[in-house]
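J.: In case you want the letters, here they are:
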Amino acid sequence: MSGSSGSIFDPASPEAQAITHLFVITLWICAAIFAVVAGLVGYCLARYRQREEADDPAQTAGNKRLEVVWTVVPFCIVLVLFGLTAQAMEKSDPAPEPGEPDLVITGHQWWWEIRSPKLGYVAANEFHIPVGERLSIRLDSTDVLHEFWVPRLTRKMTAVPHAGNHVWLRADKPGVYQGVCSEFCGTQHAWMRLIVVAEPREKFDAWVRTQQQPAAVVTSGDAARGRDLFRELTCVNCHAIQGVGGKSNAGPDLTHLAGRQMLGAGVVPNTPENLRRWLTDPQQIKPGALMPNFNLSPSRRDQLLAYFSTLQ
Amino acid sequence: MTFTRFIVEGWSWSSLTLIGGMVAAAGCAVRSRLGLRPGYFAAALLLALFTLLPPFGTLAAGVLFSAHMAQHILLLVVIPALLVLSLPRDFTPRFLNSGGFRSLAWVAGVGPMWLWHTPALCEAAVRQPAVHAVQTASLMAMGLVFWWPVLAPCARNRMTPGPGIVYLFTACLACTALGIILTLTPADVCPIFSAPSSVSFWTDLRGRIGAEQDRQIGGLLMWIPMCLIYLGAILLEVFRWLRPTGVTEKPPP
Amino acid sequence: MNPSSSSSAALTPATLSTEERAHWQLAWVATVDHKRIGILYLLFTLFFFAVGGLEALFIRLQLAVPNNMLVSPDTFNALFTMHGTTMIFLVAMPAVFGFANYFIPLMIGARDMAFPRLNAFGVWLIPFGGALLHFSLFTGVPKVGWFGYAPLSESPYSSSLGVDYWIIALLVLGIGSVATGINLIATIFCLRAPGMTLQRLPLFVWIMLIAAFLVILALPVLNAGLVMLLMDRQLGTHFFMAGGGGSPVLWQHLFWSFGHPEVYILALPAFGIISEVIPVFSRKPIFGYEFVAVSGVAIGFLSFGVWAHHMFTIGMGRAADLFFVIASMLIAVPTGVKVFNWSTTMVRGRIRMTVPMMYAVAFLIQFTIGGLSGVTHGSAALDWQTKNSYFLVAHFHYVIVGGVLFALLAALHYWFPKISGRMLSERLGRWTFWCMTLGFNATFLIQHMLGFAGMPRRVYTYPDFENWGWMNFLSTAGACLMGVAAVLLLVNILRSLSRGMPAGPNPWRAWTLEWATPSPPPAHNFEALPPIHSRRPLWDLANPDRPDPVVGPDAISTPDRAKTSLWILIASEAAFFGALLLVFVYFNIRPQPGPSSKTSLHLVPTLIFSVCLFASSFTLWRAEVAERCGRHRGVARWLGLTVLLGAIFIVGQGFEYWGLYRSGVTVGTNVFAASFFLLTGFHGFHVTAGLIALGIVLGLGLAGDYRNRPSPLVAVGLYWHFVDIVWVFVLSIAYLLPRLP
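Protein sequence lines, in the order shown, are assigned to chains A, B and C.
Numbers 1 to 312, taken from the numbering used here, label the letters of the first sequence in order.
Numbers 1001 to 1253, taken from the numbering used here, label the letters of the second sequence in order.
Numbers 2001 to 2741, taken from the numbering used here, label the letters of the third sequence in order.
Watch out, some of these pointers could steer you wrong.
Ranges of calculated distance between the beta carbons of each label pair, as one might list FRET restraints [said to hold, decoys possible]: (1) Glu2466(C) - Gly245(A): 37 to 47 Å; (2) Gly132(A) - Trp1114(B): 45 to 55 Å; (3) Leu2061(C) - Phe294(A): 32 to 42 Å; (4) Val69(A) - Leu2438(C): 27 to 37 Å; (5) Gly1232(B) - Val24(A): 29 to 39 Å.
Here are the simulated lysine to aspartate or glutamate pairs, EDC-like style, with alpha carbons at most 20 Å apart [what the hints assert, rightly or not]: (6) Lys173(A) - Asp143(A); (7) Lys2598(C) - Asp1188(B); (8) Lys2563(C) - Glu2624(C); (9) Lys64(A) - Asp2548(C); (10) Lys91(A) - Glu133(A); (11) Lys247(A) - Glu113(A).
No wet-lab data here; the hints were simulated from the structure.
For each residue, glycine too, the CB sits at the ideal point set by N, CA and C.
Just need the whole structure built from these sequences, with the hints factored in.
T.: Printed below as a string of structure tokens:
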């Protein structure tokens, strides 16, 4: 996979913009301070370096006025930065509004569950948002600490079990935004990535309508046998497919699996070949993932694969 | 409109009495030829007026817990420190120098914060002006006692730096502990601030800040700014002590 | 080849006496001499530096290219956990302690540390702790990061014993550090030479004094947290599990209220080293001695009030975030003061660019970068983007490696001639310096960019995003260059030990007392001390025509060693109990489901036992009075009564525990029970320790041991009174306060 990760200096929402703005100012201030220190040190080295032995110079021990200057000036800079910080915090993370959030995003070891209480859909590791609309998001975790971070869109925030932390999410431009879990959460912390797709309202509505549908109905062939296998084997213990079976959210909801870009929370692109490899042995692709190798026979595996490819 | 009300609301006869009292105190101080240092003394008086009069005084009296806390910090720490600093150099009462007095002074500087934040007393002080007056007076008096061994005008009356640092640092720890409890736990030391107030205008301000956050700010105020004041005093102690005198001071024979 | 044995063998001729050479192994193992202990510290450091460095290299090799599979994810996670833990607890802290051990007694003109045997105990806890930590290799290495965030570090998510070994190793190392901290403080307070008043201390000593205070106050808080985590894992409590009424956030509070002072436990000694090196090679006194010292004090105090800036994304609330922003940013002010003072020291100097000075200058530049990027983490809004990214990794490596490690290397090159009696090679030193500096900056400067590009820390691999590949590769290349530098450094040291030029007592023409004795110093340190009237006694000696200004009076007051150390121990213990008391309040301020203080604790019997404990303080005081008057039988009688009363208290507490157990309240019942047993259990443990100490004093007293020498009754008594005072707090917070209406 290649492509841009998205830099925090390329913000795509007012919330992220506020932080970037502050960052640029801060970096300039820091650069100025650094220039003063490095300049002073460099000047001393150039001017006062002694290559052969010489007498000791005049022994000056300090200067009170200078000390006051370089205490007070940094103090004032700190106060200014503090004021700017407070402002940026207010802009990038206004207080949450009472009421139900638009999305509940739950961290699991090692994938994201996205639930919309208002629109009633469930997604995993990937979701769409309407361009220009500010969504309120509650973060939750079922196990350890995770951290929600979409650098171009919003601040990062830890998902603490039972705490219900809040972030705002918005994108001003259509596009695909990369996100990731940034708090170390165990073996496969590296592959707990997230994709946010921002698109115009009507396309978003269409996506929501797809997500709200139960799984596509299949009646015959490998796909139907695959569906039955999904019900009969242990799949339903962890995964759910709306309209087919399974209630657990221990693993990602698979109702619209085929519509996703990536498998395993970002580890490989979602192609039939990769899905086959995944079903053959998930541990080969994402070692340590909580889904074990079920040693499926090739025929059963292909039947499941056939069924999953219908889950648009 | 609201700004005007912000300034105007809450004034009463007692405020005017207070101003009168302060002016009288200032007059007496000037006439008595104590030799007060006018800058510090004036700053203390003005700060006291700001602390006790509306609008800040009203905020502190039953509206915002954080303002109430800020009022305590000003009364217990800032204003007494300024008052002690305003004393003339030759002001050296003798009884104030014993070790016993110092441990008492420490308790005086730390105790009131804990004492006045037991729920019953806190509530009483907000509801009854008389209790509030006692509270104000006791905070100021205790503050004076606390600062004496640190800021006394004559070096003879001050603690040596070692004990001085311990004195101030432990005071900082004591208020930190209370601050941590107020900030990080759901402790409600002064329930009156989370109940609806009688002063209608202010309630929406409190609504906007939120009772929870208000209490947190109160705790944080006594945790961080208050400790910064003590820390400032510590740095002053160390600094005064390290300054090279330049000329040799003969050790006492 | 074991570096420790070969180097110590090589050091033999210089540091061991003729009769010791026959059994030099014993001379090193059984030593209580501060100089040898200092060397031992440094050798352990060197060994663990190699271990932690190799771990770092493997981390970087795994990250060299995207989607790499050189090591498995679990191995990678174990590598960075061990790397962090090793570098902080087994490299940086021992290195600091090593230099402090060797040079503080020399710099203040003392014969040894205040407690040589305690010193030996401290140094041997390092390999012991290191062994415990690495014993986890056999049981499953911890994979939780060096700050072991709960609930990942709890047994449901880390079921192997690795985390338990990690906890126990940190406890062992923590206890050793506190012992060393107490020893350093007692040494500085009690063993200064005549004329060496506190106002005249070399800045390294001054700043180490502050750092030692941070050690004794911060580590107990970590110990409290670690004990709670161990209880969670082994005894079934739920301190840090959100499910059982506990709080994962509390772990972060406890860890970082240690962790942030810890940063300054490492950084302050570095400041001290730089404050010695820069003046010597600029041939001028430090600019603004008072300001460097006072800003050290300011940093020390502030460091205790800013830990929550590690938690800006945990959801503390706007108010808390803002207060910690300003407190954190304020630290930049005293730090800036230091940087300006160091830089200005060079102005109008005669700068000699020796290897130590080169490291010091690199420190100045790199530490400034690390400090400035620290300000961006202090600003919560920026932290919301950069936290847990590679920008953060770059920041703290600029502070810990670019700052602390470079300062330690400056110290090594500066003091090596004193330790070994031989000069290091300047030429090889320059090569090492440039490899180290280029390698370091290549490794970590680019990581700032990676952070901006959204790369989170602690990932074992990463997708092939635009630019990520080459930036990571560059970083890995830099790390390899640092590895080369480390090898060159080792070569330089080994070469110099056998072939280096003899150093003479004062090769750098420095001004502090350690240079007033031969290199290496004799066992008793000094034949005769020069007169001390200013901050640079050797300057005065060399320049009688223009001596430094005399600072303050010559008279010094050195307090009693035993009492001083006990007071410091008490301060440390108070920090520990303070943490436990706050934990109790945190969990019990609102009623929890299940048993609580009101429903389960019986006040009356406890009050009776408490009266016994308080009475024991009175009887002990009577014993002290009797001793002062020389009434030996009175001492025995009152002391016996004290032990009896203390024993009654312990038995009473045992009954209370038994009653609770019978009514089904055990440590795993709920957080009330857990925090109650934690608090009273540790208090009981301290009472028992006090009883044993009193019992020993009593026994020895009865045996007539104190006829001819002073008894330690006053010191032990101090401890006992402290334990009683703690009970006042426990009683009021655990028993009385919950009963208030």
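J.: The structure should be examined with respect to each hint, and the outcome stated for every one.
T.: Going down the list of hints, with the structure as the test:
1. Glu2466(C) - Gly245(A): 37 to 47 Å: Since Glu2466(C) and Gly245(A) have Cβ atoms about 42 Å apart, the given range 37 to 47 Å holds.
2. Gly132(A) - Trp1114(B): 45 to 55 Å: Holds - the Cβ-Cβ distance for Gly132(A) and Trp1114(B), about 52 Å, lies within 45 to 55 Å.
3. Leu2061(C) - Phe294(A): 32 to 42 Å: 33 Å, holds
4. Val69(A) - Leu2438(C): 27 to 37 Å: 35 Å, holds
5. Gly1232(B) - Val24(A): 29 to 39 Å: With Cβ atoms ~33 Å apart, the hint holds.
6. Lys173(A) - Asp143(A): 34 Å, violated
7. Lys2598(C) - Asp1188(B): 19 Å, holds
8. Lys2563(C) - Glu2624(C): It holds: about 14 Å lies between the C-alpha atoms, which stays within 20 Å.
9. Lys64(A) - Asp2548(C): Holds, because 18 Å separates the two Cα atoms, which is no more than 20 Å.
10. Lys91(A) - Glu133(A): With Cα atoms ~16 Å apart, Lys91(A) and Glu133(A) stay inside 20 Å; holds.
11. Lys247(A) - Glu113(A): 14 Å, holds
Taken one by one, the earlier hints fail for this structure only at number 6.
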